[in-house]
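As given, the protein sequences belong to chains A and B, one line each in that order. According to this note's numbering, the first sequence is numbered sequentially starting from 16. According to this note's numbering, the second sequence is numbered sequentially starting from 16.
For the record, the hints were derived by calculation from the structure and aren't laboratory data. Hints may contain errors.
Same chains, same names: a pair is fine if it fits in one copy or spans any two.
As a list, the in silico DMTMM-like pairs of lysine to aspartate or glutamate whose alpha-carbon atoms are at most 20 Å apart [unchecked claim]:
(1) K230 x D59
(2) K109 x D354
(3) K20 x D59
(4) K414 x E235
These numbers were taken from a predicted model, which means no experiment stands behind them.
There are 2 protein chains.
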Amino acid sequence: MAAPKLALLTSPQKNAILEAMAGLLAASQETILEANRTDLESSDLRPSSRDRLLLNPARLADMLAGIRAVISLPDPVGEVVADWVRPNGLRIRKVRVPLGVVGVIYESRPNVTVDAAVLAFKAGNAAVLRGGREAVHTNERLVELLNRAPGLPAGAIELLDSRTHESALELMRARGYVDVLVPRGGADLINRVVEQATVPVIETGAGNCHVYVDKEADLELADRIVINAKTQRPSVCNAAEKLLVHRDIAAEYVPRIVERLRAAGVEVRGDDLTRRLAGQDKVCVASREDWLTEYSDLKMAVAVVASLDEAIAHINRYSTQHSDAIVTRDAARAQRFLDQVDSAAVYWNASTRFTDGGEFGMGAEMGISTQKLHCRGPFALPELTSVKYQIVGTGQIRK
Amino acid sequence: MAAPKLALLTSPQKNAILEAMAGLLAASQETILEANRTDLESSDLRPSSRDRLLLNPARLADMLAGIRAVISLPDPVGEVVADWVRPNGLRIRKVRVPLGVVGVIYESRPNVTVDAAVLAFKAGNAAVLRGGREAVHTNERLVELLNRAPGLPAGAIELLDSRTHESALELMRARGYVDVLVPRGGADLINRVVEQATVPVIETGAGNCHVYVDKEADLELADRIVINAKTQRPSVCNAAEKLLVHRDIAAEYVPRIVERLRAAGVEVRGDDLTRRLAGQDKVCVASREDWLTEYSDLKMAVAVVASLDEAIAHINRYSTQHSDAIVTRDAARAQRFLDQVDSAAVYWNASTRFTDGGEFGMGAEMGISTQKLHCRGPFALPELTSVKYQIVGTGQIRK
Numbered sequence: 016m017a018a019p020k021l022a023l024l025t026s027p028q029k030n031a032i033l034e035a036m037a038g039l040l041a042a043s044q045e046t047i048l049e050a051n052r053t054d055l056e057s058s059d060l061r062p063s064s065r066d067r068l069l070l071n072p073a074r075l076a077d078m079l080a081g082i083r084a085v086i087s088l089p090d091p092v093g094e095v096v097a098d099w100v101r102p103n104g105l106r107i108r109k110v111r112v113p114l115g116v117v118g119v120i121y122e123s124r125p126n127v128t129v130d131a132a133v134l135a136f137k138a139g140n141a142a143v144l145r146g147g148r149e150a151v152h153t154n155e156r157l158v159e160l161l162n163r164a165p166g167l168p169a170g171a172i173e174l175l176d177s178r179t180h181e182s183a184l185e186l187m188r189a190r191g192y193v194d195v196l197v198p199r200g201g202a203d204l205i206n207r208v209v210e211q212a213t214v215p216v217i218e219t220g221a222g223n224c225h226v227y228v229d230k231e232a233d234l235e236l237a238d239r240i241v242i243n244a245k246t247q248r249p250s251v252c253n254a255a256e257k258l259l260v261h262r263d264i265a266a267e268y269v270p271r272i273v274e275r276l277r278a279a280g281v282e283v284r285g286d287d288l289t290r291r292l293a294g295q296d297k298v299c300v301a302s303r304e305d306w307l308t309e310y311s312d313l314k315m316a317v318a319v320v321a322s323l324d325e326a327i328a329h330i331n332r333y334s335t336q337h338s339d340a341i342v343t344r345d346a347a348r349a350q351r352f353l354d355q356v357d358s359a360a361v362y363w364n365a366s367t368r369f370t371d372g373g374e375f376g377m378g379a380e381m382g383i384s385t386q387k388l389h390c391r392g393p394f395a396l397p398e399l400t401s402v403k404y405q406i407v408g409t410g411q412i413r414k
Numbered sequence: 016m017a018a019p020k021l022a023l024l025t026s027p028q029k030n031a032i033l034e035a036m037a038g039l040l041a042a043s044q045e046t047i048l049e050a051n052r053t054d055l056e057s058s059d060l061r062p063s064s065r066d067r068l069l070l071n072p073a074r075l076a077d078m079l080a081g082i083r084a085v086i087s088l089p090d091p092v093g094e095v096v097a098d099w100v101r102p103n104g105l106r107i108r109k110v111r112v113p114l115g116v117v118g119v120i121y122e123s124r125p126n127v128t129v130d131a132a133v134l135a136f137k138a139g140n141a142a143v144l145r146g147g148r149e150a151v152h153t154n155e156r157l158v159e160l161l162n163r164a165p166g167l168p169a170g171a172i173e174l175l176d177s178r179t180h181e182s183a184l185e186l187m188r189a190r191g192y193v194d195v196l197v198p199r200g201g202a203d204l205i206n207r208v209v210e211q212a213t214v215p216v217i218e219t220g221a222g223n224c225h226v227y228v229d230k231e232a233d234l235e236l237a238d239r240i241v242i243n244a245k246t247q248r249p250s251v252c253n254a255a256e257k258l259l260v261h262r263d264i265a266a267e268y269v270p271r272i273v274e275r276l277r278a279a280g281v282e283v284r285g286d287d288l289t290r291r292l293a294g295q296d297k298v299c300v301a302s303r304e305d306w307l308t309e310y311s312d313l314k315m316a317v318a319v320v321a322s323l324d325e326a327i328a329h330i331n332r333y334s335t336q337h338s339d340a341i342v343t344r345d346a347a348r349a350q351r352f353l354d355q356v357d358s359a360a361v362y363w364n365a366s367t368r369f370t371d372g373g374e375f376g377m378g379a380e381m382g383i384s385t386q387k388l389h390c391r392g393p394f395a396l397p398e399l400t401s402v403k404y405q406i407v408g409t410g411q412i413r414k
């Protein structure tokens, strides 16, 4: 069991080990890329999945930069969160401690192997990783190198066999051994983990994000935000998938934004009014399924709403509670949106694309939680810890 | 859906509703006791379970006092946890919000119905309660009265049918509708919930708690703490179940504490050395099963350990990570114990019996979490909330 030893490492010890890890990866670039080539050759993936699996010198440099970023992050372990004395003289200190063992189940992106391992480690945790079978050689090489860092307790970073389904199932059901399980990947993976796991899970990822353009919106600003939120990187979870437009400005704004979206290569779907306003040849029919779907692609569904309340209700009904934005000049209407939309990140006059540990200034990110328990939104080191109560007495007993 | 309306209630509104609830219960004492008598007559319970089910005027008064305690607690909703501005001008505020819908599955104690409902409500949540079938009439009456409070949104407190197993299963699998599920009861109930739930769970309760008497202990103080931790209320989760004694003082201390435990009515079990030191007629054999068991009864298992490290290792192996104590005069040894024993509450020279929301000064308690995710140890209002990020921009887009 590595976890108890890891919990006792000091911050300088942990940072020295992280430096050594970065050095080991840097010194073995060639063998990492070779392992990655083996994976790429033996795999039978779609181009987008191949791209996620691919490593090259630039991506390896990003990995090393990621380790250095984690070195520079403050160590949350040992922080005294609260400290008080009871009338009976008991002194109670609430202290931040590592979670213990952090499990991560993910798909074929090898950078997750390194990101997850070093974040878990810096917060004093052991990591148990179960990556995609397509990345098996790359992941084995990476974990072997990370584990060579001098001073790292044996078993601190464990890679499960990704060739069998049993290893994933074992991890999901390792109650009492694994303290939290973070699934990183598509909706299927996440649903499977939530269904089958008996260890506590932090749900991540799915983003059916909305931009609502209010009747009081600056329409220039709305254009910028809608186009950015939809097209700047459509495959990621904080990209917008839906556009809601207030009825009072729909006649002006819907044709205009549909034109711009189409010019940017976006396939637009819409409700009846949207199609009438923009032209049925330009906007195809949005089904009920569309309002629920994260396209992760250059597609957007547009609806006209009668009021701010209807916009809020639509979002609370269909969104995945990830990131949703309002564009308006009216502060009171904006605050109502910020208060009543029940999502991890709610924006006023900004793109949904900022929901990200780096963009929030956290320095790194383990994932983006779309559940409300334990943590919500982007999370990194502090969220990979728990607390304990240390209570000092002088012989107090309960009456 | 009551949750969105509940989230928008102000603290004064919530406190007025809580006052009304207390008033309604107070005015209907007789009908509550009558419903309780119906339950007691129709149930076929062991005396200890009957006692948990029983209501009387004193217990009703405790219930009302509980509501008044919750009224006086600060409202966590709306607290700005953090507030910062990014270099691009985005202002990010991390704000405390209700979890949404809190599910509670429990056994036959009717006070849990009121405690759980009012704590969930004060933190802005809807409550979905599934109590034991033995308490069905009492719970129906209580929930009906609570729901009559003027201003309470319809559906704020829902009682599921406790006559069928399906209602419990539905609650456990209501992913997307229920934000957290708190099982309160014995190990069987908790295990069933953890096994079957797809909604996030806060595990509570099981307490296989230890007192370790170090070679540097003040033995008078050790006597007081051991006897109190074991006997003051043996049925509760923070009562001690195990006693570890350092080898260097075992010859003196083991016979003495075994004598005192027996005088207090405790059945003592022990390892070989304990039995030799105290007399095999006084101490029966402790099996491996004993070290794992929460007796919740006047029983205690005693082991002699060779060192502080062995004590820590024993506890980390067998305890339920609830509450464990060291008795010693040596501050360095105490701190090692506090740092290395991986439990929610770790004590130096005090009884384990203090692990309790009231004793910690929280004013109330929803339960005692024995998991590390979301919250650990006694938890109440702040732990029944989540956070959201409200982000205010001036048209920022991601480059």
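Structure-based check of each hint:
Taking CA atoms no more than 20 Å apart as the test, K230 paired with D59 passes in neither setting, with 49 Å inside one copy and 64 Å between copies. Only between protomers do K109 and D354 lie at most 20 Å apart by alpha-carbon distance; the minimum there is 12 Å, versus 31 Å within a single protomer. In this assembly of identical chains, the alpha carbons of K20 and D59 never lie at most 20 Å apart, being 41 Å within a copy and 51 Å across copies at closest. For the homomeric pair K414 and E235, the shortest alpha-carbon distance between copies (17 Å) is at most 20 Å, but the shortest distance inside one copy (69 Å) is not.
Going through the hint list in order, the structure does not satisfy hints 1, 3.
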